[in-house]
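Those sequence lines, one after another, are chains A and B. The numbering used here puts the first sequence at residues 621 to 1279. The numbering used here puts the second sequence at residues 621 to 1279.
No lab work stands behind these hints: they were computed from the structure. Where hints are given, some of them may not hold.
Note: identical chains are not told apart, hence a pair may lie in one copy or across any two.
Derived SDA-like pairs: lysine to any residue, alpha-carbon spacing no greater than 20 angstroms straight-line [stated by the list, open to error]:
hint, residue 1, residue 2
1, K1153, P1124
2, K1152, G1126
3, K670, D1175
4, K1113, L1250
5, K1033, R704
6, K892, V905
7, K1113, P1156
8, K1113, P1249
9, K1153, G1126
10, K1036, E1080
11, K895, A855
12, K1090, F1262
These numbers come from a predicted model, not from an experiment.
There are 2 protein chains.
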Amino acid sequence: VADGKHKGLWQSFKSDSSGASTSGGDSSKDSSRCSTPVLEADRSDRLRDKMRRRTESGDRWFSLEFFPPRTASGAVNLISRFDRMGSGGPLFIDITWHPAGDPGSDKETSSMMIASTAVNYCGLESVLHLTCCNQTTHKITGYLEKAKRLGLKNIMALRGDPVGADWEEEEEGFNYAIDLVKHIRSEFDDYFDICVAGYPTGHPEAGSYEEDLQHLKEKVDAGADFVITQLFFRADTFLKFLDDCRAIGITCPILPGIFPIQGYQSLRQLVKLSKLEVPEEITKVIEPIKDNDAAIRNYGIQQAVQMCRVLLDSGKVSGLHFYTLNREVATMEVLRQLGLWTEDPRRPLPWAVSAHPKRRVEDVRPIFWASRPKSYIYRTQDWDEFPNGRWGNSSSPAFGELNDYYLFYLKSKSTKDALLQMWGDELMNEQSVYEVFTCYITAQPNHRGHKVMCLPWNDEPLAPETNLLKEELEKVNRRGVLTINSQPNINGKPSTDPIVGWGPAGGYVFQKAYLEFFTSSENVTALLQVLKKYEPRVNYHIVNVHGQNRTNAHDMQPNAVTWGIFPGREIVQPTVVDPVSFMYWKDEAFALWIEQWGKLYEEESPSRMIIKYIHDNYFLVNLVDNDFPLDSCLWQVIDDMFELLDTPPDPLSDGTASE
Amino acid sequence: VADGKHKGLWQSFKSDSSGASTSGGDSSKDSSRCSTPVLEADRSDRLRDKMRRRTESGDRWFSLEFFPPRTASGAVNLISRFDRMGSGGPLFIDITWHPAGDPGSDKETSSMMIASTAVNYCGLESVLHLTCCNQTTHKITGYLEKAKRLGLKNIMALRGDPVGADWEEEEEGFNYAIDLVKHIRSEFDDYFDICVAGYPTGHPEAGSYEEDLQHLKEKVDAGADFVITQLFFRADTFLKFLDDCRAIGITCPILPGIFPIQGYQSLRQLVKLSKLEVPEEITKVIEPIKDNDAAIRNYGIQQAVQMCRVLLDSGKVSGLHFYTLNREVATMEVLRQLGLWTEDPRRPLPWAVSAHPKRRVEDVRPIFWASRPKSYIYRTQDWDEFPNGRWGNSSSPAFGELNDYYLFYLKSKSTKDALLQMWGDELMNEQSVYEVFTCYITAQPNHRGHKVMCLPWNDEPLAPETNLLKEELEKVNRRGVLTINSQPNINGKPSTDPIVGWGPAGGYVFQKAYLEFFTSSENVTALLQVLKKYEPRVNYHIVNVHGQNRTNAHDMQPNAVTWGIFPGREIVQPTVVDPVSFMYWKDEAFALWIEQWGKLYEEESPSRMIIKYIHDNYFLVNLVDNDFPLDSCLWQVIDDMFELLDTPPDPLSDGTASE
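Just need the whole structure built from these sequences, with the hints factored in.
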């Protein structure tokens, strides 16, 4: 044995920087580790750590700034925009603070509630702006406590604009952003990550550029974790500022604030507010085309892309912050051209993970709310632990009541008129309803020529994997098997599969075929007969609005229907069919008939009566084919049911002749 | 909609007897369910419930009676017998109480400790006999408390034989078994399942057969759950007794006590003790062959089979209780002929489940102790919960110390001489050790002509699935990759597969390929070089006796290496490679070199020095191939390691040339 070699090896053990893996003697026994099979290290970490890791690894990233909307319908739209822009993979978004708009209130349009929605329902890491000027310590502390309670973890600490014309320093209270930084650190210790503003051309009220740099250094020294700059028009402006910051010892991340010019008026207004000057090379191009919005936007995109390229190529910038002005097109286009927009971001789990810190260990959900994830998050928001001690340990998950449930951001995004066009001004019979479902599945226009873009149970377009089942779904919906949820079986596809993949690379994902539908009690009678042939391959649960139900679930245990196997990790089973939760879901699923569809029609009108009849008499059915390596047998089950229904009864039979 | 039909359906819901699945309204939301993905309902239930379910379903079953051994080596043998006879699938075993043998003590031969071992280490449902005659209440309560503490759940309540010649009733204290039954119920409520003895021909001391029947009825009424009868020689004797019991209202299970005649002397002795008469048709056969043990045993088997067939065919008996006299052959043969011996009992999990009630939720273990399950159970016996909050939630599992660890039933079953024959009287060098490992794998005799039947890390013959890897294992052991644990990859075999299957039918089982071995530090240096090519496909953990270690385990998280998917259940992942537990296992794995092997030789002898050298300098390595759907790459990893070692170093290289 070559002892020298051995020694070298041991040295390499010592210098191994992979953290937990290094130890001498028994100390490694005490090493701590995560409490759940974490699929994405990011889930458990602070924004500043994510930022550091991305920077260290050379990954480039971006963030997006939004302001709160003025109206409730504006809020619904903004939240949809969060979902769409969130899919591009921002590291975080931030929500500005509007002192005039009751920003800390529970109003659906307040800065606080918009940021909370982004975190809790859209799963976005979010930064809430907070301005301290003219505020009492008590009020500020109250805002911060509320933010913490709502799951917000990051604050952008700003002075804000003085409300009165002539602003004077107050002896007590907050005069500068640094006061707010200090207050947060003294009252909330290290709980929040804090961001502060930097001014590449100096703050307009600062004595000098150098003095302003010193102020920034003080803010960082007081506890800020990173800096976002005011907008600027030339890459050089930022790069010089960055060098100057580094020169005086500001070492934290400094994010350039990118403002893609999107229109003549918005540019003028912003420049006026921020007391910036638009460089001549820009005004020269813009002035001649100031009435041509499209031309200005195209120029703005080009100009931003060019500037961002210079910043990124400098090697000094790894993240870009975008002032979106709540618009999508320009920012998305800039990000696409820069290659930063991740069209198919890797999903850590098959459903969108909420960014609330309380939910970061959540790794399993019932499949029923797959198309209504915000509703699921809302109904489970009071759970002390996630996923309520794993599904299997939860004897009675306490779901929020349906009557608490109505929230502005769970509203349909469509108007009543649009819904009537899609779902029918007038229903003739149950068949009219079948047609709506069929049109939704096939994406064909209904008999009045309108496409059915959503159903009460599916607020979004069909998932790509549902297309795999389109033909079969169409067939059964046409005959009154009204499907509201389904997934194909998957036997070990790579976790990077663009349609069904999730989790880290190098793994394999699996699914059991699943089908959930409403259907008439006659169909259910035949179905129960047919299902006897499919024991124990098929698990079923059948229930009506009155709670009468029948299932072959073993001891009411959950059935895992989506799971993944990954290198070096425990099995993850993020989706289950849980018979106990199904009894809560059924309340919601049946109520949606009336609340979202029936109520579009006059009381006592035939259309409303048809919906009510279905609500009162149909059953909600879920089926799982446990034999995932084989082709799904669920279509055969439905075929058998129809065949049984189509067979004229044998006069000599006792009704069980088909066996 | 045919309302009549609907009504019929609803009725069938109401009458559905599957328990949890029936409900009106919201009540089903409150239904309780098991806390873990239970694979076998039996695991969570009481003996009396198992018995009832088996009887109701028409399954036939058997139980086995043993008495405690006199010596420690007798205890080691008896425990091996429990393992062998346990594999035939008894519903329970019972251990007699020997008042003269300090039965409640911690001695390895005591009734209490033997029963505890059967429950905790052999995973057998066990009944502990307890006799109350001449005992104080205080002492009896102490025994029962101890039994409860050790995980025993069932007591056979007996009077026992009076110690003195002339027994007299005591005013206070226990005079009859019924006093003990009452005491157990009054002091321990419903905690224990209680069995009492029945006498098909009447208790020898009873006034009459009828009086004795009344005594039995009183014992049952006082709280006994089932009855085991004294032995008898004619089926009719039992069947009449059974009818008489039922006639006076004894409704609990009554198990016939079957005594296969195994020898002339043992028969005479037993008959004398129990004051029974051997029927003439038996003595007539036996007397002429009384010196021919084999002939008597064969007759005994035949006679028992015949009698059991009559009992079972009567339709009144579903379980048979065997007085084994601590012997295997006769009872096993009777059971085989009756078709009650389950050669390949379905394994609920890939490892033997302990029958201790505290461990009934245990559903995951580290793979390292796969060949030393009793050691694992011992080292985790003080855990408050199993599996210590699942592996993933356990930041620091508190394993029992190695120095507490020595227990008589963990002793090698082989003598020192036998071990020296297998492992070598005299080792020449490390190669001598390699030869031992190679012979163990190949089942070929060593150069002195002795087969190597065990190694310190593998107390049992190789598992059948290891044979799948035999050729590769031989190759690497020959070159000093000393394997102590391995499993092949499995990509979804049916759960009923005879070699790798486990869990309920209708499921699929999976494994990642696993290899664990000792090897020299030179090999490890090359291995680490080679492993870079296999990231992240291969997870590794390499450690020496000093605790110097290196791993690429992500955040020290466990890696699931065995899992199963079953109809209507959550995923089960019973085996993991856990980097934290590995640091505890390595202490044990290295200590076994010295304790079990090195100490066979004189101190300072060359053989002992060779073992000590390996102990001090070799590394323990585990490798997991995460890509379970592909052929295992672990053999390629080892091949690459040898290739690198065989390549003469390139003088121009810096040592990383192979990349």
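Going through the hints against the structure:
In this assembly of identical chains, the alpha carbons of K1153 and P1124 lie at most 20 angstroms apart only when taken from different copies (19 angstroms versus 39 angstroms within one copy). When the C-alpha separation of K1152 and G1126 is checked against a cutoff of 20 angstroms, the pair qualifies only between copies, where the shortest distance is 16 angstroms, while the shortest distance within a copy is 40 angstroms. Taking the shortest Cα distances, K670 and D1175 sit within 20 angstroms of each other only across copies (16 angstroms), while inside one copy they are farther apart (43 angstroms). Taking the closest pair of Cα atoms, K1113 and L1250 come within 20 angstroms of each other both inside a single copy (14 angstroms) and across two copies (13 angstroms).
With identical chains, the CA atoms of K1033 and R704 are at most 20 angstroms apart within one copy only, with a shortest distance of 14 angstroms there and 67 angstroms across copies. In this homomeric assembly, K892 and V905 come within 20 angstroms of each other (Cα to Cα) only inside a single copy, at 19 angstroms, whereas the closest approach across copies is 118 angstroms. In this homomeric assembly, K1113 and P1156 come within 20 angstroms of each other (Cα to Cα) only across copies, at 18 angstroms, whereas the closest approach inside a single copy is 25 angstroms. For the homomeric pair K1113 and P1249, the shortest alpha-carbon distances inside one copy (11 angstroms) and between copies (10 angstroms) are both at most 20 angstroms.
Proximity of K1153 to G1126 under the C-alpha cut-off of 20 angstroms is restricted to the inter-copy arrangement: shortest distance 14 angstroms between copies versus 38 angstroms within a copy. Taking the shortest alpha-carbon separations for K1036 and E1080, only the intra-copy value of 17 angstroms comes in at or below 20 angstroms, while the best inter-copy value is 73 angstroms. For the homomeric pair K895 and A855, the shortest alpha-carbon distance inside one copy (18 angstroms) is at most 20 angstroms, but the shortest distance between copies (107 angstroms) is not. In the homo-oligomer, the alpha carbons of K1090 and F1262 lie at most 20 angstroms apart inside one protomer (19 angstroms), although the nearest pairing across protomers, at 54 angstroms, exceeds that limit.
Comparing the model with each earlier hint shows no violations; every hint is respected.
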